[in-house]
Amino acid sequence: MIDDDKLYLLIGKNIKSIRNTRDLNQNQFGDQIGLNRTSVTNIEHGKQRVTVETLYRISECFGLDGISGLLPSLKDVQKNSAISEQKEITSGSDTKIVGEKTFLAIQRRR
Amino acid sequence: MNDATQQATETAKKLLKQFQITKPPINVESLATKLKINIEHEELDDDVSGFLIIKKDKSTIVVNSCHPSNRQRFTIAHEIGHFMLHAKISGKEIFVDKKYNRDLNSSTGEIEEEKQANQFAAELLMPEKILRKEIEDSDIDLVDDTATFVLAKKFQVSEQALGYRLAKLDLGLED
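Which chain is which? The protein sequence lines are B and S, in order. Per our numbering: the first sequence = residues 1 to 110. Per our numbering: the second sequence = residues 111 to 285.
Be aware that one or more of the hints could be misleading.
Computed list of lysine-lysine pairs in DSS-like fashion (alpha-carbon distance at most 27 Å, straight line) [stated by the list, open to error]:
1) Lys127(S) x Lys278(S)
2) Lys202(S) x Lys166(S)
3) Lys165(S) x Lys133(S)
4) Lys225(S) x Lys87(B)
5) Lys101(B) x Lys146(S)
6) Lys263(S) x Lys202(S)
7) Lys87(B) x Lys166(S)
8) Lys127(S) x Lys87(B)
9) Lys144(S) x Lys264(S)
10) Lys263(S) x Lys47(B)
11) Lys225(S) x Lys79(B)
12) Lys166(S) x Lys263(S)
13) Lys124(S) x Lys264(S)
14) Lys101(B) x Lys225(S)
15) Lys6(B) x Lys225(S)
16) Lys263(S) x Lys101(B)
17) Lys101(B) x Lys165(S)
18) Lys165(S) x Lys87(B)
19) Lys168(S) x Lys101(B)
20) Lys87(B) x Lys202(S)
Just so you know, the hints here were simulated from the structure itself, not pulled from any lab data. For clarity, every value in this text was computed on a predicted model and none was experimentally measured.
Using the sequences and the hints, build the whole thing.
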């Protein structure tokens with residue numbers, strides 16, 4: 001089963017990380033693909049379902065040869081699958097699975 | 111109201127009384143400071159609202175800065191709930207408030223803790239007594255959508271959280 005929320009979240013994360021490597025802020029990026037900054041934020045957080053044509057515009061803007069570089073693997077978007085970058089936090093007998101940002105934020109304060 | 115819910119409600123009420131908080135919006139950050147809890151805002155993974163780290167000298171709540179400010183307030187209140195209700199008893203050092211906590215291998219005890227922390231947060235941010243008073247004093251007609259908007263703004267909570275709270279307290283809409 002596909003977890004739609006996870007799908008759009010991961011697409012958004014991919015877009016954001018590539019955008020950062022291109023040194024574009026959300027405004028500049030939005031201008032290039034014809035979206036306002038709010039839409040860019042929402043897409044990057046998976047809160048807005050990005051359309052296929054927008055994915056192509058994004059690929060064009062990033063200089064990719066197709067949209068596949070923006071898409072997560074099937075395994076990562078299946079329900080109950082652990083997203084690849086997830087890490088374990090152990091506290092006593094308790095174990096929590098969290099994403100990398102959260103993991104680092106916790107580690108820094110322990 | 112079961113015992114756990116009652117306990118959460120009573121704990122929040124006591125706290126409001128102890129710090130003489132009688133008016134909305136409830137300043138959860140200053141309340142946390144008074145309890146010697148650090149508050150920090152930081153970008154976390156989207157499915158995490160925040161977390162609480164318990165330490166002997168000073169505990170810290172880290173809240174996901176990407177989330178809307180009303181949600182961040184709820185998260186802080188929720189983590190204060192864990193601090194007040196569960197830190198000592200469970201001996202846990204870390205509480206992570208994660209969206210999928212409920213369906214991924216979480217024990218029933220943990221689900222109970224989350225529910226209790228939510229109940230605590232609702233009472234802390236929208237105390238029954240203060241909420242009733244606001245509604246009476248302002249003669250708000252809760253059937254009117256703009257009225258809940260105004261009320262939510264006053265308490266700095268989401269309209270959704272307020273709607274849920276009003277329904278639970280049997281205030282407002284009768285349909």
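Hint check results:
1. Lys127(S) x Lys278(S): Holds, at about 22 Å.
2. Lys202(S) x Lys166(S): Given pair lysine 202(S), lysine 166(S) holds - Cα atoms ~12 Å apart, limit 27 Å.
3. Lys165(S) x Lys133(S): Not satisfied, since the Cα-Cα distance of roughly 31 Å exceeds 27 Å.
4. Lys225(S) x Lys87(B): Distance of about 25 Å is within 27 Å: holds.
5. Lys101(B) x Lys146(S): Satisfied, since the Cα-Cα distance of roughly 25 Å is no more than 27 Å.
6. Lys263(S) x Lys202(S): violated (35 Å)
7. Lys87(B) x Lys166(S): holds (26 Å)
8. Lys127(S) x Lys87(B): violated (41 Å)
9. Lys144(S) x Lys264(S): holds (23 Å)
10. Lys263(S) x Lys47(B): holds (23 Å)
11. Lys225(S) x Lys79(B): holds (24 Å)
12. Lys166(S) x Lys263(S): Cα-Cα ~36 Å, so violated.
13. Lys124(S) x Lys264(S): This hinted pair holds, its Cα atoms lying about 22 Å apart.
14. Lys101(B) x Lys225(S): holds (25 Å)
15. Lys6(B) x Lys225(S): OK: lysine 6(B) and lysine 225(S) at ~24 Å, within 27 Å.
16. Lys263(S) x Lys101(B): violated (31 Å)
17. Lys101(B) x Lys165(S): It holds: about 21 Å lies between the C-alpha atoms, which stays within 27 Å.
18. Lys165(S) x Lys87(B): holds (22 Å)
19. Lys168(S) x Lys101(B): Cα-Cα ~22 Å, so holds.
20. Lys87(B) x Lys202(S): holds (19 Å)
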